[in-house]
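As a plain string of letters, each chain reads:
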Amino acid sequence: MATFARTLILLLILAGAGQAQAAGSASAAGFRLWAELTPAEQLALAPIASDWNHLPAHQQERLIKVARGYPKLTPKQQQVLQARLVSWARMTPEQRKVARENYKQLLALPAPKQVQVKQRWSEARGAQPHAGEPSSSQ
Amino acid sequence: MNERDFAKRITTSLDEGARQLDPVLAMRLASMRRLAVDNRPAHYHMGHGVAVWAHEHPWVVMLLAISILFSGWLGYSQRQTGDSGDVDILLLTDDLPPQAYAERDFNKWLHLPAR
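Here the protein sequences line up with chains A and B, keeping their order. Residue 135 in the numbering used here sits at position 135 of the first sequence; the count goes up by one each step and never skips. To convert a position in the second sequence, counted from 1, into the numbering used here, add 1000.
One or more hints might be untrue.
Only pairs whose alpha carbons sit at most 25 Å apart, straight line, appear in this in silico DSS-like list of lysine-lysine [stated by the list, open to error]: (1) A/76 <-> A/104; (2) A/104 <-> A/65; (3) A/97 <-> A/118; (4) B/1108 <-> A/97; (5) A/65 <-> A/76; (6) B/1008 <-> A/113; (7) A/104 <-> A/118; (8) A/104 <-> B/1108; (9) A/113 <-> A/97; (10) A/65 <-> A/113; (11) A/118 <-> B/1108; (12) A/72 <-> A/104.
Treat the hints as calculated values from the structure; they're not laboratory data.
Could you put the whole structure together from the sequences, leaning on the hints where they help?
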């Protein structure tokens, strides 16, 4: 009984240590040079090519996830995304965190309420929706 | 005097008392004890053994608890990281620019009453 309990406890401790090591390794291995990205990733992240090698690993990982979703977007959505990438990448981590939290709160609302929130914000700022899109004159 | 010595003194005293019991009464007590032991739940002894072992090795229990908590925290952190890829792409293609959602007081718009 004691031997079984000791073996079980040792296995659980090793499992925890293994998971910790895996997480640490993932973070350390997350940094990639621009030249190491796939062509598809480079296409999606082209607007931030000059900034890429200076970004921290965790930010690169999140942007690579964005790049992997890029082919599934419509051409219009791809255009909007690329127009916003530079300013997004240059925001502070705290600003991006606040943006994500606020956005998740918006997504928790019913769809009609989400539309209303966006309309009210736009009216208050005198802005049009899709304010990040390139202007038609470009 | 530690707990073991104290327990030994008690059992010695009880044994002495049992030896002075009426033989018929002692036999009846013994048969009732056997009946009670035979009818105890099968898992009782195993659970009791683990509890005693854990009491004698508190550092192992503590390490186990820390390991479980740490694993849980890691799992939670990794799930958070996993979520952000989907949220980011939605943010970057939303009707409003990301700067809107980055405003600290943005959530006031979330709580306005319906028109």
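Hints versus structure:
With a C-alpha separation of about 23 Å, the suggested pair residue 76 of chain A and residue 104 of chain A falls inside the 25 Å cut-off, and the hint holds. Simply put, residue 104 of chain A and residue 65 of chain A have alpha-carbon atoms about 18 Å apart, close enough for the 25 Å limit, and the pair holds. Restraint check: the Cα-Cα separation between residue 97 of chain A and residue 118 of chain A comes to about 19 Å, which is no more than 25 Å; the hinted pair holds. For the hint linking residue 1108 of chain B to residue 97 of chain A, the alpha-carbon distance of about 17 Å falls within 25 Å, and the restraint holds.
At roughly 19 Å between alpha-carbon atoms, residue 65 of chain A and residue 76 of chain A fall within 25 Å of each other, so this suggested pair holds. Distance check on the hinted pair: residue 1008 of chain B and residue 113 of chain A sit about 74 Å apart at the alpha-carbon level, beyond 25 Å; violated. Only pairs whose Cα atoms come within 25 Å are accepted, and residue 104 of chain A paired with residue 118 of chain A is accepted, the gap being roughly 14 Å. Taking the CA atoms of residue 104 of chain A and residue 1108 of chain B, the gap is near 14 Å; set against the 25 Å cutoff, the hint holds.
For the proposed pair residue 113 of chain A and residue 97 of chain A, the alpha carbon gap of about 23 Å is at most 25 Å, so the pair holds. Proposed proximity of residue 65 of chain A and residue 113 of chain A is contradicted: the alpha carbons are some 28 Å apart, above 25 Å. For the given pair, residue 118 of chain A sits about 12 Å from residue 1108 of chain B by alpha-carbon distance, which is consistent with the 25 Å threshold. Taking the CA atoms of residue 72 of chain A and residue 104 of chain A, the gap is about 21 Å. The hint holds against a cut of 25 Å.
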